[in-house]
Structure formats: structure tokens, C-alpha cells
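If you read the protein sequences in the order shown, they are chains A and B. In terms of the numbering used here, the numbers along the first sequence are unbroken and rise by one, the last being 431. In terms of the numbering used here, the numbers along the second sequence are unbroken and rise by one, the last being 431.
Please keep in mind that the hints were generated in silico from the structure rather than gathered at the bench. Predicted model, so just to flag it, every value in this text is computed and none were measured. Among the hints, a few may not be true.
Unchecked claim - DSS-like cross-link-like pairs, simulated, lysine-lysine; straight-line CA separation at most 27 Å:
no.: 1; chain 1: A; residue 1: Lys202; chain 2: B; residue 2: Lys344
no.: 2; chain 1: A; residue 1: Lys146; chain 2: A; residue 2: Lys334
no.: 3; chain 1: B; residue 1: Lys146; chain 2: B; residue 2: Lys344
no.: 4; chain 1: B; residue 1: Lys202; chain 2: A; residue 2: Lys202
no.: 5; chain 1: A; residue 1: Lys334; chain 2: A; residue 2: Lys202
no.: 6; chain 1: A; residue 1: Lys334; chain 2: A; residue 2: Lys344
no.: 7; chain 1: B; residue 1: Lys344; chain 2: B; residue 2: Lys202
no.: 8; chain 1: A; residue 1: Lys146; chain 2: A; residue 2: Lys345
no.: 9; chain 1: B; residue 1: Lys202; chain 2: A; residue 2: Lys344
There are 2 protein chains.
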Amino acid sequence: MTTSLTATLDVPQAPLRDVPALLGRCRALVRPRLAAAIGGLHPWTGEMSAYALGWRDVDGTPDPDASEGKGVRQTLAVLGAEAAGADGRAAVPGAVAVELVHAFSLLHDDIMDGDVLRRQRETVWKAYGTGPAVLAGDALFALAVQSLAETPGPHTGEAVRRLCATLTELVEGQAEDLLFESRPWTGPDAVLPEQYRAMAERKTGALLGCAAALGALLGGAPAETVAALDLAGRHMGVAFQAVDDLLGIWGDPAVTGKPVHGDLRRRKKTYPVLAALSAEGPASRELAALLEAADEDAAPRAAALVEEAGGRAATVAEAHHHLDAARTCLREAPLTEPAALSIESLLDFLLHRAS
Amino acid sequence: MTTSLTATLDVPQAPLRDVPALLGRCRALVRPRLAAAIGGLHPWTGEMSAYALGWRDVDGTPDPDASEGKGVRQTLAVLGAEAAGADGRAAVPGAVAVELVHAFSLLHDDIMDGDVLRRQRETVWKAYGTGPAVLAGDALFALAVQSLAETPGPHTGEAVRRLCATLTELVEGQAEDLLFESRPWTGPDAVLPEQYRAMAERKTGALLGCAAALGALLGGAPAETVAALDLAGRHMGVAFQAVDDLLGIWGDPAVTGKPVHGDLRRRKKTYPVLAALSAEGPASRELAALLEAADEDAAPRAAALVEEAGGRAATVAEAHHHLDAARTCLREAPLTEPAALSIESLLDFLLHRAS
Chain A
77 MTTSLTATLD VPQAPLRDVP ALLGRCRALV RPRLAAAIGG LHPWTGEMSA
127 YALGWRDVDG TPDPDASEGK GVRQTLAVLG AEAAGADGRA AVPGAVAVEL
177 VHAFSLLHDD IMDGDVLRRQ RETVWKAYGT GPAVLAGDAL FALAVQSLAE
227 TPGPHTGEAV RRLCATLTEL VEGQAEDLLF ESRPWTGPDA VLPEQYRAMA
277 ERKTGALLGC AAALGALLGG APAETVAALD LAGRHMGVAF QAVDDLLGIW
327 GDPAVTGKPV HGDLRRRKKT YPVLAALSAE GPASRELAAL LEAADEDAAP
377 RAAALVEEAG GRAATVAEAH HHLDAARTCL REAPLTEPAA LSIESLLDFL
427 LHRAS
Chain B
77 MTTSLTATLD VPQAPLRDVP ALLGRCRALV RPRLAAAIGG LHPWTGEMSA
127 YALGWRDVDG TPDPDASEGK GVRQTLAVLG AEAAGADGRA AVPGAVAVEL
177 VHAFSLLHDD IMDGDVLRRQ RETVWKAYGT GPAVLAGDAL FALAVQSLAE
227 TPGPHTGEAV RRLCATLTEL VEGQAEDLLF ESRPWTGPDA VLPEQYRAMA
277 ERKTGALLGC AAALGALLGG APAETVAALD LAGRHMGVAF QAVDDLLGIW
327 GDPAVTGKPV HGDLRRRKKT YPVLAALSAE GPASRELAAL LEAADEDAAP
377 RAAALVEEAG GRAATVAEAH HHLDAARTCL REAPLTEPAA LSIESLLDFL
427 LHRAS
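Just chain A, same shape as in the assembly:
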């Protein structure tokens, strides 16, 4: 499936080699300040935060086996500054803030979604309890805004306003996502594909856009450059979510670590399903009947019907459209070459992933 998705999305392979090195370079740049911020937390919320970030095991000892996140947001922040012609170090306070916000949102979302595993480890609420996990998320949230607000410099006020607006968008996106669960599969209250896209832009795109925009802003970029990077990040988030949805149904369980047709078994309202349901025709109607019957064993048949009704192709097209739109944003903005190309490589890397 990875191959076919990549082929359909027409992703160039050449620059992908550099992305792990790029992620490593930006991690090295941001880590000292991020670690210092976490180190300043109350010992208890600090321990839970280090666990959430994949730095520590549940008993507080360093965990070399834990898988950290890729650090996409900190990388986008650093590249945002560099693309604006500034030193990547200018972006570090923004990079720290967006990584903290990301950790906060995963932590609280896992509570709300009842998810027990993340990156092959117990989620924070599962490992420490719901109450402590709420508290650890609050600590990360407060630290994110505080660390940015205490950054000296002429752009701090605008940066804080952007971060706060993004936080509100994140919460709105999560609210929509939770509400979608209780909406019907069909009829006037059914979730439309464009409503799903708007949710994904808030829940995933807003923070990616904020990351790149904060980097540029702290690097002294003009408002249009900041806006272009914000928009590129938003398209990136929507494309990213579309790929996530494809993997959630047709991804290779050996690679994703998730069951085959997992999102269909969990009856998640994802883009492929919503696109299939919004289409006309017998496959769409049979899919609706199948989903309303809530039979978990019907997941393979549902996957076939989603594909037959055009949901898979529509989602590939959705990813493609937003990938192109992100590229256009990047190419039309006055960005410095190596950093702009690195952002495109990162984009390709993320959409090419198999897990």
C-alpha cells in the first residue's frame, strides 16, 4: 500500500535521504532549551512530562527504548526561521513552545479518546492515572505559553498571540472530533467531508502552521512570509491527516502496529468513509447499511465498499491537493532556497511514511 500511495501522490524520492539528518539537527538545536523547560517543572509533573515525551520510563529512569516523536513541529519552526533568512537558533523559543503544546494535546486527547497505547507504550493516563494526567497536561500547557512569553525580543507579543489562537483552534478541532463520534453516518446530520477537513485543519494543521510561522516570526520575517508558512503548514496538516486515514484502513499492520482495517473496526469517521458515504450509488448505500449495523466483522467488506464508492481515491486526491497547495505556498513566498527545499522534503517524508 505504501508503494501505491506514494506512486499516486507522485512524491519524489531523492530528497528523502536528508530528512532524518534534518530532524536530528533540529532536535539537537532545540533539545537543551526544551529539557531546561521540563527540568523547571514541579518534579511530579516533570516526571510525567518526560515520560510523555519519551525521555523517561514510568519509574523515572532514562528509557533508551522509548520512541520519541519525530519532532516535526520543532523542525518546522527552525526551518521557518531559516527560510526567512534568519539563524535557526532564533526559532528555538517557538520550537520549544510548539513541542510542549503538541505533548499537551496528545496527553489530554488520549484521556478524552480513552486510548491506552501511544508509540508502543502506555499513555500517560493509563500509566499514572487520569487525574495526574490532566495535571501533567495542564503543566505542559502553562509551560508552553510561559516559556514563549518570557522570551526577550520584539516579536514575543505577536508570537504569544499566534500560539494562543492556535491553542484555541486545537481545542475546537478536538471538540469537533469528539462530537463527530455521536453523529449519524447518513442523513442531514451526517458529517460531511468538508466538515472533516475543517476539523483536521484545526486539530492537525493549525499547530504545524503555527510552528513554521513562529519560526519565521521570531526570525524577523515580514507578515506575508509568516502567513505563507502558516498556510503551508495547515495544508500539510490536512494532507497528513488524509494519509493517516488511508493508513488507518489500508496500512500494513506489520508497519503501522495497528490492526488491519483498524479505523473501520473502531467505526471512526475518517475522510475515506465520509467521502464514500457522500457519494451516490449502490456501494455507498451498502456501506451506510453496513456501518449502521455496527458489525465489527464486516470491516473487510466495509473497506472494499469504501474503495468501490470512491472513498479511497477521493482521499488520495485530497492528500494530493493539499500537498500541492502547501508546495505552492512555499514556492510563491520569498523563502531562502535550502530551507524551503528542506520543508518540501519534510512534507514528502511525512506523506510517504508507512506508519
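Starting from the known structure of chain A, arrange chain B on it as the hints suggest.
Chain B alone, transformed into the frame defined by chain A:
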């Protein structure tokens, strides 16, 4: 008990008449902007927030019977500006922010503490579910910082830094409070009265201090005035907590709405108990043995022992000390008369309360 506490604290009665009118005046000043902020939330988190604030019933209809909070924090913010010689309206963005932070912290604390009732109504997590309540708290948190950060004016940056530092303190205070629960009653790991006071300053005092300080800051007050009001609010919070602890053991159930000796039945580590346990003597030792036996029926005997070991007197002295310290802060700062007196009246009102 109310009478004896008041008598012991030597609280003047005369200015108390004005406090309800004062609270009402400040509420009227702040409400439009607070309501507009809540009105801008996502409809779902907005509904839960309005419920949390006591404005709406659980089905979203206006609830005239719901009891709102007193609005102490918004009042302190307005008085902070007025005491600095500014128009109280200058404080409104700060007043909105501290009321939102207060609502956020009650909402999340109720989840962590498992409390099912607040102001005679179901808590938000009880009424809407834990996940939605986490989300509603996050929405209030984000809105608090965002609304302040978007306030035009020369003092916004400093105001946001103060609010963020306070948020971190609140979370630290809640962390300590939760951790106290699992610490022993006696021995080297027992909670000391001064550790409890430090927790109360963070959990209760920091936001009261922030409220008054933000008002002064937004009103253009010099740094020393802002600092004096912050410190006065912190002392007020510690005194407030001491009174709360007295009421939690010896308050009149008909007035507090809580069971007699409630805090002892729930085995809460409050100042009177910790002070009694840290004293020498047979009553202290008998109390320790009784608490370690975890017998709920022993609450009346425990209350008598707390008193015999000096815990009640120590708590009255604690309240008195911080009340005096708050008054000293107010009297030594260059504050305008009517507002400074109003803050003192508010202080007396809060410490004189019976519920």
C-alpha cells in the same frame, strides 16, 4: 463557630455592608466582556463553560437558581486598578482572564479530586463526562491567555507573563495538594504546616495576588505597587485557606452545606490537623494513632484532639497573621484611599464568611 472565629480574628464589622454592592458593581463592569469571550468559544465547550460559571443549566437553558461564584478575583482586579488611581475599566481584560483561569482550575481540580458537587450542583465532569470536562477546562485555559494577549496596550506583555507564571504556580500547588494525600501522617515524610502553607499560597494565593496585580499593572501602576498588591493577595489566599480549613472541621453544616467534621472524615491533610500533629504531647500522639487507624467514626474524637493539641488555635493564629500581613501590604503601598479600603473590606468579608 462563625462568631468565635470572627471574634478571634478581630474583624471589624462596619465596612462589610458594602461588599455585596462592591461585588455587584465589579461583576457588572466585567460581565459583558467575560460573556463575549465565552460566547466566542466553540458551542459545546461554550455550553460547558457557561454551566461551570453558573450561568446555564446542564441542558443549556439559563439557570436563575444556579449560584455563581462571588467573583472575588474580578473584584480584586478592578480594585487593583482603582487603588493605583486608574479607572476600574482598565482592569477588565485582567479581570476576565483571572475569572477564566479560576473557572478552569475548579473544573480540572474537580476531575482530579473526584468531587461530584460544587455550589450545590453537579460538577462539570459529573454532568458532562470526564473527557468533555478536560476539554472544557482546556478551552477556558486557552481563552484566558488568548483574551489577555489580544488586549491592546503597553502593559499586555508583562500582564501575560504574570498570568502564565501564575498558571504554573496553580498547577504546582495542585500537584502538591494531590501528593499530600499519599504522604504519611507522621514520621520524616509527614506534611509540615509550612509545606501546607506553601501549597496554599500557590493554589489559592497566587491567583488572588495575580488578580490585584494585573488590575494595577493594566492601570499603569509602578512596579512596587503591583508587587505590593500581589503580595497582599497571596497573604489573603493563605488566610482564606486557613478559614476554609476551620470551616471544614468546625463549620456549621447547615451553613456550609458540608457534613460536620467533613474534612476529618475525608482524612484531608489540612492546616489544623498538620499543626496538631506537629505539636508535642499526648493529644498529638493520640490523634496520630487515630488518623492512622482510618476510622471514619472517630472524626468527632479527632476534632476534639486537634483542638486539644492546639491545631485550631494555630490555624486561627495563621489566619490572623496573614490577614495582618495583607493589611500591612495594603497600608504601606501608595494606594488611593477608597479602593484600598474596599480591598480591606473584601478581605474582612471573605474571612468572616461562614460557608
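Outcome of the hint check:
Pair hint A:Lys202 plus B:Lys344 holds up; C-alpha atoms about 26 Å apart against a cutoff of 27 Å. Under the criterion of a C-alpha separation no larger than 27 Å, the hint pairing A:Lys146 with A:Lys334 is consistent with the structure, at around 19 Å. As the CA atoms of B:Lys146 and B:Lys344 are separated by approximately 25 Å, the hinted pair is consistent with the 27 Å bound. A distance of roughly 20 Å separates the Cα atoms of B:Lys202 and A:Lys202; the hinted pair therefore holds under the 27 Å criterion.
For the proposed pair A:Lys334 and A:Lys202, the alpha carbon gap of about 18 Å is at most 27 Å, so the pair holds. Distance restraint check for A:Lys334 and A:Lys344: the Cα-Cα separation of roughly 14 Å lies within the 27 Å cut-off, and the hinted pair is therefore satisfied. A threshold of 27 Å between alpha carbons decides the hint, and for B:Lys344 with B:Lys202 the separation of about 22 Å falls inside it, so the pair holds. Of the supplied pair hints, the one linking A:Lys146 and A:Lys345 holds, its CA atoms being roughly 26 Å apart against a limit of 27 Å.
For the proposed pair B:Lys202 and A:Lys344, the alpha carbon gap of about 26 Å is at most 27 Å, so the pair holds.
Against the hints set out earlier in the document, no violation occurs for any number.
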